[in-house]
Amino acid sequence: MTTNVTNVKGRFSAREIAYCGLFATLMMIGANVSSFLVIGGVPITMQTFFAILAGLVLGSRLGTVSMLVYTLLGLVGAPVFAKFSGGFSVILSPTFGFIVTFIMVAYIIGKMVEHSRTKTMYLAAALVGLVINYVFGTTWMYYAYKLWAQAPEGFTYKMAWLWMLPPLPKDIILSIFAGLFALRLRKVIKID
Amino acid sequence: MMDKLIFGRFIPGDSFVHRLDPRAKLIFVFAFIFIVFIANNTATYAALLIFTILIILLSRIKLYFLINGLKPILILMAFTFFLHIFFTKEGDILYHWKFITIYEEGLRQGIFISVRFLVLVFVTTVLTLTTSPISITDGMEVLLNPLKKLKLPIHELALMMSISLRFIPTLMDETDKIMKAQTARGSDLTSGPIKERIKAVVPLLVPLFVSAFKRAEDLATAMEVRGYRGGEGRTRYRQLKWHVRDTIAVLSIVVMGAVLIYLRKYS
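Residue numbers (the working numbering), protein chains in the order written: chain Y, 31 to 222; chain P, 78 to 344.
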């Protein structure tokens, strides 16, 4: 069932292509899960969760590619980003940085668990992913307001962070959950 | 949910812009993003605005859909506009009320930057409204072909994008079904402490992953059985054709760039 017929060096096998496409789709579901799922009045997105899973389950190479596919899909106009948005104009939106981090998150996390596949490493990697996501994404958002909108001195880095605090607890829990969940998923899919 | 998706982006039609080759449209939009930044005075911004209105008229897209595309950056636009109005302190005072003072230069800058955002968003939205994601993917694959020399897997990326697009409606239906099934079994996501609620997500995610992975496996098997071996020697079902109108579109953006440079210098 799980032999890679065409896995020439550097090439993608049919199975790898299918899984990358699949994870890009799962990101879309994760981004818009709030339209099906409202947890106690707070609409949640599970993009970070799925990006972390992509890194943990698919590894650095395929994880990065699947996140890249997701980003490109959105830019090309498929309504895959949060609130069913998409289109090239999203690149101007201050929160585009978070989408860029998903690519980095998948890569770095993938590298970490390829190094050692222990439960501790999975959890550590998931949390590192979350930190990258928040730090880089918030910094991007701050500079987006600074540069594109040419915001004056009154808008501080601290203010950008205050906006990001409310969803933080939920994302920490989801990241830990992603680490544990990925361990089980690895047993189900065999791509490498 | 599905209606939102169809509503979301591509609107089929038969206008001049619809019939353009996706490659021409991609080149056009990329060039447009750059020439927008040439504009620096009233004449250039007015020219950009007229050019954009012309494109919208040619695409025969209803204004409602364009405004919809504006939503993602509406906050940024409003933020920028008000920042410039309240914080720029140059030029004559236009309006004064208690601690609010509006200067001429502030209003001018606010309007310019808003117009820049507006034309960028409108033109990029016209691209995604008049071209189906599948044909943009096709166009991108062809345009990015030179990058294959750098060993970038352009064909594979395009294929993954198409696969993902195909999976979207299926997985959304699936998620919807699973949610309803678990609600019927008494799964409760709306009350209790956060920890309990996250636990309640598990019965949703497990069946979702099981069915998603099964689909990916089926697809991979089907591809292997049919002898998929990358882009080499592949023939295409959807053929791209370059027409005279595509050349005109690309030329028009070059002319627009020249006009902007002229207006920037001599007005």
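Hints are not guaranteed to be accurate.
[Stated by the list, open to error] Okay, the calculated beta carbon distance ranges per label pair:
#: 1; chain 1: Y; residue 1: 199; chain 2: P; residue 2: 298; range: 16 to 26 Å
#: 2; chain 1: P; residue 1: 219; chain 2: Y; residue 2: 218; range: 33 to 43 Å
#: 3; chain 1: P; residue 1: 302; chain 2: Y; residue 2: 185; range: 51 to 61 Å
#: 4; chain 1: Y; residue 1: 191; chain 2: P; residue 2: 339; range: 51 to 61 Å
#: 5; chain 1: Y; residue 1: 148; chain 2: P; residue 2: 279; range: 17 to 27 Å
#: 6; chain 1: Y; residue 1: 191; chain 2: P; residue 2: 110; range: 27 to 37 Å
#: 7; chain 1: P; residue 1: 260; chain 2: Y; residue 2: 194; range: 27 to 37 Å
#: 8; chain 1: Y; residue 1: 144; chain 2: P; residue 2: 276; range: 25 to 35 Å
#: 9; chain 1: P; residue 1: 219; chain 2: Y; residue 2: 191; range: 41 to 51 Å
#: 10; chain 1: Y; residue 1: 130; chain 2: P; residue 2: 151; range: 44 to 54 Å
#: 11; chain 1: Y; residue 1: 194; chain 2: P; residue 2: 319; range: 41 to 51 Å
#: 12; chain 1: P; residue 1: 167; chain 2: Y; residue 2: 189; range: 20 to 30 Å
[Unchecked claim] Calculated pairs, DSS-like style, for lysine-lysine (alpha carbon to alpha carbon, straight line, at most 27 Å):
#: 13; chain 1: Y; residue 1: 188; chain 2: P; residue 2: 166
#: 14; chain 1: P; residue 1: 257; chain 2: Y; residue 2: 200
#: 15; chain 1: Y; residue 1: 217; chain 2: Y; residue 2: 149
#: 16; chain 1: Y; residue 1: 176; chain 2: P; residue 2: 166
#: 17; chain 1: P; residue 1: 276; chain 2: Y; residue 2: 217
#: 18; chain 1: Y; residue 1: 141; chain 2: P; residue 2: 225
#: 19; chain 1: Y; residue 1: 200; chain 2: P; residue 2: 254
#: 20; chain 1: P; residue 1: 166; chain 2: Y; residue 2: 217
#: 21; chain 1: Y; residue 1: 113; chain 2: P; residue 2: 225
[Unchecked claim] Covered stretches of chain Y (chain P as the covering partner; in silico rule of three or more C-beta atoms under 8 Å from a C-beta of chain P):
#: 22; segment: 47-56
#: 23; segment: 101-107
#: 24; segment: 115-126
#: 25; segment: 163-174
#: 26; segment: 197-209
Bear in mind the hints are in silico, worked out from the structure with no lab data behind them. Positions of the beta carbon are idealized from the N, C-alpha and C atoms, including for glycine.
Comparing the hints with the structure gives:
1. The given range of 16 to 26 Å is broken by residue 199 (chain Y) and residue 298 (chain P), whose C-beta atoms sit roughly 42 Å from each other.
2. Between residue 219 (chain P) and residue 218 (chain Y) the Cβ separation comes to about 37 Å, which falls inside the hinted range of 33 to 43 Å.
3. Between residue 302 (chain P) and residue 185 (chain Y) the CB atoms are about 57 Å apart, so this pair conforms to the stated range of 51 to 61 Å.
4. For residue 191 (chain Y) paired with residue 339 (chain P), a C-beta distance near 45 Å fails the hint of 51 to 61 Å.
5. Between residue 148 (chain Y) and residue 279 (chain P) the CB atoms are about 22 Å apart, so this pair conforms to the stated range of 17 to 27 Å.
6. Residue 191 (chain Y) and residue 110 (chain P) have their C-beta atoms about 30 Å apart, which keeps the hinted 27 to 37 Å range intact.
7. Separation of residue 260 (chain P) from residue 194 (chain Y) is about 31 Å and conforms to the stated range, judged on CB atoms against 27 to 37 Å.
8. Judged by the Cβ atoms, the range 25 to 35 Å given for residue 144 (chain Y) and residue 276 (chain P) holds: they are separated by roughly 30 Å.
9. For the hinted restraint 41 to 51 Å between residue 219 (chain P) and residue 191 (chain Y), the CB-CB distance of approximately 43 Å keeps it satisfied.
10. As the Cβ distance of residue 130 (chain Y) to residue 151 (chain P) is approximately 21 Å, the hint placing it in 44 to 54 Å is violated.
11. Separated by about 46 Å at the C-beta atoms, residue 194 (chain Y) and residue 319 (chain P) satisfy the suggested range of 41 to 51 Å.
12. The given range of 20 to 30 Å is respected by residue 167 (chain P) and residue 189 (chain Y), whose C-beta atoms sit roughly 25 Å from each other.
13. Restraint check: the Cα-Cα separation between residue 188 (chain Y) and residue 166 (chain P) comes to about 25 Å, which is no more than 27 Å; the hinted pair holds.
14. This hinted pair checks out: residue 257 (chain P) and residue 200 (chain Y) have alpha carbons roughly 23 Å apart, not beyond 27 Å.
15. Taking the CA atoms of residue 217 (chain Y) and residue 149 (chain Y), the gap is near 13 Å; set against the 27 Å cutoff, the hint holds.
16. Restraint check for residue 176 (chain Y) and residue 166 (chain P): the C-alpha separation of about 18 Å stays at or below 27 Å, so the hint holds.
17. Proximity of residue 276 (chain P) to residue 217 (chain Y) is assessed by CA-CA distance (about 21 Å); at most 27 Å being required, the pair is judged to hold.
18. At roughly 25 Å between alpha-carbon atoms, residue 141 (chain Y) and residue 225 (chain P) fall within 27 Å of each other, so this suggested pair holds.
19. Annotation: proposed proximity of residue 200 (chain Y) to residue 254 (chain P) holds, straight-line Cα distance about 25 Å (limit 27 Å).
20. Pair hint residue 166 (chain P) plus residue 217 (chain Y) does not hold up; C-alpha atoms about 63 Å apart against a cutoff of 27 Å.
21. A C-alpha spacing of about 34 Å is found between residue 113 (chain Y) and residue 225 (chain P), which places the hinted pair above 27 Å, so the restraint is violated.
22. Counting residues of the segment 47-56 of chain Y whose CB falls under 8 Å from any CB of chain P gives 9; the rule of at least 3 is met.
23. By the rule of at least three residues with a Cβ nearer than 8 Å to a Cβ of chain P, the coverage given for the segment 101-107 of chain Y holds, with 4 such residues.
24. With 9 residues having a Cβ less than 8 Å from any Cβ of chain P, the segment 115-126 of chain Y passes the three-residue criterion, so the hint holds.
25. Counting residues of the segment 163-174 of chain Y whose C-beta lies closer than 8 Å to any C-beta of chain P gives 1; at least three are required, and the coverage claim is violated.
26. With 5 residues having a beta carbon nearer than 8 Å to a beta carbon of chain P, the segment 197-209 of chain Y meets the requirement of three or more and the stated coverage holds.
The earlier numbered hints that this structure contradicts are 1, 4, 10, 20, 21 and 25.
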